[in-house]
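*Asks:* Sequence:
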Amino acid sequence: MSENERYAKGLAEGSLDHGAINRVIKFMRDKEMTCSLEEGEELKKKTGYKIKLPVYTVRVDKRWQGLAVGFPGTKDDLSTESVGTPWLRLILYPIIKMFKQFSDDHDRKIRNLYLMGSCFNDVFLRKFEFLKFVVPNVIILTDDLLKCHDKKAPAFPPPKTDKKCLEKETYYQASLINQMQGDSGLEIPIGERESIRVKYVAHEVRTVEGTIYPERLDILGYDVNDKSLVAFEIKGPRAGRVELENLFFQGLEHRDWLERNKLAVKFVLDDRADGQIDARKRVKLVLGFCGDCIPDLFHYFRDSAMASDPYLKIGFCRLAEPSAVGEHVKVLRYNG
Numbered sequence: 001m002s003e004n005e006r007y008a009k010g011l012a013e014g015s016l017d018h019g020a021i022n023r024v025i026k027f028m029r030d031k032e033m034t035c036s037l038e039e040g041e042e043l044k045k046k047t048g049y050k051i052k053l054p055v056y057t058v059r060v061d062k063r064w065q066g067l068a069v070g071f072p073g074t075k076d077d078l079s080t081e082s083v084g085t086p087w088l089r090l091i092l093y094p095i096i097k098m099f100k101q102f103s104d105d106h107d108r109k110i111r112n113l114y115l116m117g118s119c120f121n122d123v124f125l126r127k128f129e130f131l132k133f134v135v136p137n138v139i140i141l142t143d144d145l146l147k148c149h150d151k152k153a154p155a156f157p158p159p160k161t162d163k164k165c166l167e168k169e170t171y172y173q174a175s176l177i178n179q180m181q182g183d184s185g186l187e188i189p190i191g192e193r194e195s196i197r198v199k200y201v202a203h204e205v206r207t208v209e210g211t212i213y214p215e216r217l218d219i220l221g222y223d224v225n226d227k228s229l230v231a232f233e234i235k236g237p238r239a240g241r242v243e244l245e246n247l248f249f250q251g252l253e254h255r256d257w258l259e260r261n262k263l264a265v266k267f268v269l270d271d272r273a274d275g276q277i278d279a280r281k282r283v284k285l286v287l288g289f290c291g292d293c294i295p296d297l298f299h300y301f302r303d304s305a306m307a308s309d310p311y312l313k314i315g316f317c318r319l320a321e322p323s324a325v326g327e328h329v330k331v332l333r334y335n336g
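In terms of this note's numbering, the sequence shown has 209 at position 209, counting the first letter as 1, and numbering is strictly consecutive.
These aren't lab readings, by the way, just hints derived from the structure by calculation. Nothing false has been slipped in among the hints.
No more than 20 Å apart at the CA atoms, straight line, and that leaves these computed lysine to aspartate or glutamate pairs for EDC-like:
1. Lys-46 to Asp-104
2. Lys-163 to Glu-321
3. Lys-52 to Asp-17
4. Lys-62 to Asp-278
5. Lys-163 to Glu-327
6. Lys-168 to Glu-245
7. Lys-44 to Glu-13
8. Lys-330 to Asp-292
9. Lys-152 to Asp-183
10. Lys-9 to Asp-76
11. Lys-227 to Asp-256
12. Lys-97 to Glu-129
13. Lys-31 to Asp-270
14. Lys-168 to Glu-215
15. Lys-75 to Asp-144
16. Lys-100 to Glu-38
17. Lys-31 to Asp-278
18. Lys-227 to Asp-271
Computed beta-carbon distance windows for the label pairs:
19. Val-242 to Arg-29: 44 to 52 Å
20. Ser-308 to Lys-151: 30 to 38 Å
21. Arg-63 to Ala-12: 29 to 37 Å
Even glycine gets a Cβ: it sits at the ideal position worked out from N, Cα and C.
Please model the entire structure based on the sequences and the hints provided.
*Replies:* Next comes the structure, spelled out in structure tokens:
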């Protein structure tokens, strides 16, 4: 058995952990959704395929009903070292056929295919990208996204009163989140004249896979005016030149992940936004950092990105350093 056949073997033996799938199903049922496990023999009769993955039919209002396919196992079980491309190719057609059959049984009113698991790496998900041509909505539900639902916002002011905390990015993050939690949200200037008002949804949201640790979005919010999601990436006063110069690319990468997964984000986190998230709207990106000047090429990067995508919105704002512990970080406008 080769290394990347371990997942298929564990699945056949029934030795893989179903904890992440069970947590997703519980989350759905807590939302008063009906989740029914489909029996393997019944699926085989309908589709002609015997599939070892757990499959659920999800019934609720027409917006969210669909078919949910679970991938048992931990992050390591679902890694590229354990899951081979041949096995992924083997299951793609059966999943599509199951979805089509389920959709046909419901007069083709089913729009959602849920993929549930502990964690999916980018290589894994790329094998499912072509599903967008035949499935209206592919919604990825993972443990990390569920954890964001229950994660509490950081306390502000922080319990530590040492003035050195003013130099830490966590102080800036906590201050901005606290202001975003106000009744009217936080006004953020994103251009010479333009501003948006943003309310808090979550923070440290896991996005793409990193080389060692996963990347995380600093602050996730939504625009009070048009209800679009806002990816807010920040750098504190101690950020080095390389960190600051890479903020644009880091933010754009996280924003693109959010754009691809905004339906999943709405599904899991909409109640934290009082049901205000509009997943039909494009995700905005805001980059906040300290200092009097915007890095040299940021305008060039932004103009080039927005020229290739006229619906893309990217803004910069200045984070003013507080003078004392307990003072909020002010969000100011960059001119030019």
